[in-house]
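Mapped onto UniProt numbering, the consecutive letters of the sequence shown carry residue numbers 1 to 363.
Among the clues, some could well be false.
[Stated by the list, open to error] In silico lysine to aspartate or glutamate, EDC-like type, Cα no more than 16 Å apart, as pairs: (1) Lys149 x Glu185; (2) Lys359 x Glu163; (3) Lys169 x Glu213; (4) Lys359 x Asp155; (5) Lys359 x Glu254; (6) Lys169 x Asp209; (7) Lys169 x Glu241; (8) Lys184 x Asp155; (9) Lys359 x Glu261; (10) Lys359 x Asp253.
Since the hints were derived computationally from the structure, they do not count as laboratory data.
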Amino acid sequence: MLDTYARRITALQQRVAALDLGGAIIGTGAELAYLTGSWSTSHERLTALVVPPGGYARLFAPATDASAVAVVGDIPGVVVETWRDGNEPYTRIADLLADGPVALGSSLTADHVLRLQMAGEMGETVLAADVLSDVFAVKEQEEVAELEKAARAIDAVHSAVPELLVPGKTERDVADQLEQLILKEHATVDFVIVGSGPNGANPHHDFSDRVLEPGDPVVVDIGGSLASGYHSDCTRTYAVESMPDRAFVAAYDELRAAQLEALSTARPGMTAGELDAVARGRINHAGYGVYFSHRLGHGIGLALHEPPFLVSGSDTVLQEGMVFSIEPGIYVPGQWGMRIEDIVVLEAHGARPLNLAPKNLLG
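Full structure from sequences and hints, please.
Okay, here's the thing in structure tokens:
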């Protein structure tokens, strides 16, 4: 893996140079883990990878974390510099930067950014996520393999959901059971959404003490992380014990058709906005467009939500090797919601779903 990390850092450095940037400063989190394998945390003490347009990249970390980050120094082309309290590295980092805008990692806090700006003439800043996007978004074979494992893990959890949706249980009861099932298949639980009846109309509802009733539609959106750090994320809509009313079933049929159309249309070379328009157009034509209130999907990897974002109007070109969700939804306030989400890998001839859990309302 050390050579892999070196290759990724080199790719970032080449992007920094090509864009005439002064450098990139990457804080802790998914971006740093992607580049170095380190999941170190950064609180009031700064941990950051500094990538100038040329020369060595340097990881700055507090001396208290020296043993945790030592392995990063084994990556070819990377030097680890630790610092002690009272000898903060902000001026040292500023001195390493060349002239030009500086790309800042998404996890850097305002406190650290302001201290960096006060330490030197940083000038204009840009998002490192934009600089990294082409590198970060196109997955290597090993990454796709991990995301396939994650998809199988969350599919296994979804296979148990129909048996959990029993009248008389609360959303919280179901969520508690789902958390345990996710932990059996993953290293950690990322999130659990159990939205029954009108609660399903809130796309980011988590769970409540609402009691499940026969015929309730239930949106179940769940995800976890493997030990490798790669995420799962999959949504299915279920019915409790019996089918919901005809209006719901008709809308659900349209939702399934919209997702299938997007799945079958996705190709390298089309834009993220064009793919969003495929599903959105089908839902609009069916009369539910006003109730589709979010983007079609997002990339996934070491971050749960990362580029590419399948959003209306986006000119991001979809490339072979990208992995992202396709998750259209319909949400009628005060009544019900529905969403279907699959993670797919974009291959030369189209999208290959990694999630294979059934999409029947009764499981």
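* To do: Would you check the hint for Lys359 and Asp155, treating anything up to 16 Å between C-alpha atoms as holding?
  => Between Lys359 and Asp155 the Cα gap is close to 11 Å, so the pair holds against 16 Å.
* For the pair supplied as a hint, Lys169 and Asp209, is the alpha-carbon distance within the 16 Å limit? -> With a Cα-Cα distance of about 9 Å, the restraint between Lys169 and Asp209 holds, given a limit of 16 Å.
* Satisfaction of hint between Asp155 and Lys184, Cα-Cα up to 16 Å -> Judged against 16 Å, a Cα distance of about 12 Å means the pair holds.
* Asked: Is the Cα-Cα distance between Lys149 and Glu185 16 Å or less?
  -> Holds, because 10 Å separates the two Cα atoms, which is no more than 16 Å.
* To do: Decide if the proposed pair is consistent with the structure: Lys359 and Glu163, CA atoms, cutoff 16 Å inclusive.
  => holds, 15 Å
* Is Lys169 within 16 Å of Glu241, Cα to Cα? -> Given that 16 Å is the threshold and the Cα spacing comes to 12 Å, the pair holds.
* **16 Å Cα cutoff - pair Lys359, Glu261** => It holds: about 15 Å lies between the C-alpha atoms, which stays within 16 Å.
* **Holds or violated: Lys359 to Asp253, with C-alpha atoms at most 16 Å apart** => Holds, because 11 Å separates the two Cα atoms, which is no more than 16 Å.
* Given the hint that Lys169 pairs with Glu213, does the C-alpha gap stay at or below 16 Å? -> Given that 16 Å is the threshold and the Cα spacing comes to 8 Å, the pair holds.
* **Pair hint outcome, Lys359 versus Glu254 [Cα-Cα no greater than 16 Å]** => At roughly 13 Å apart (the allowed maximum being 16 Å), Glu254 and Lys359 satisfy the hint.
Of the numbered hints listed earlier, not one is contradicted by the structure.
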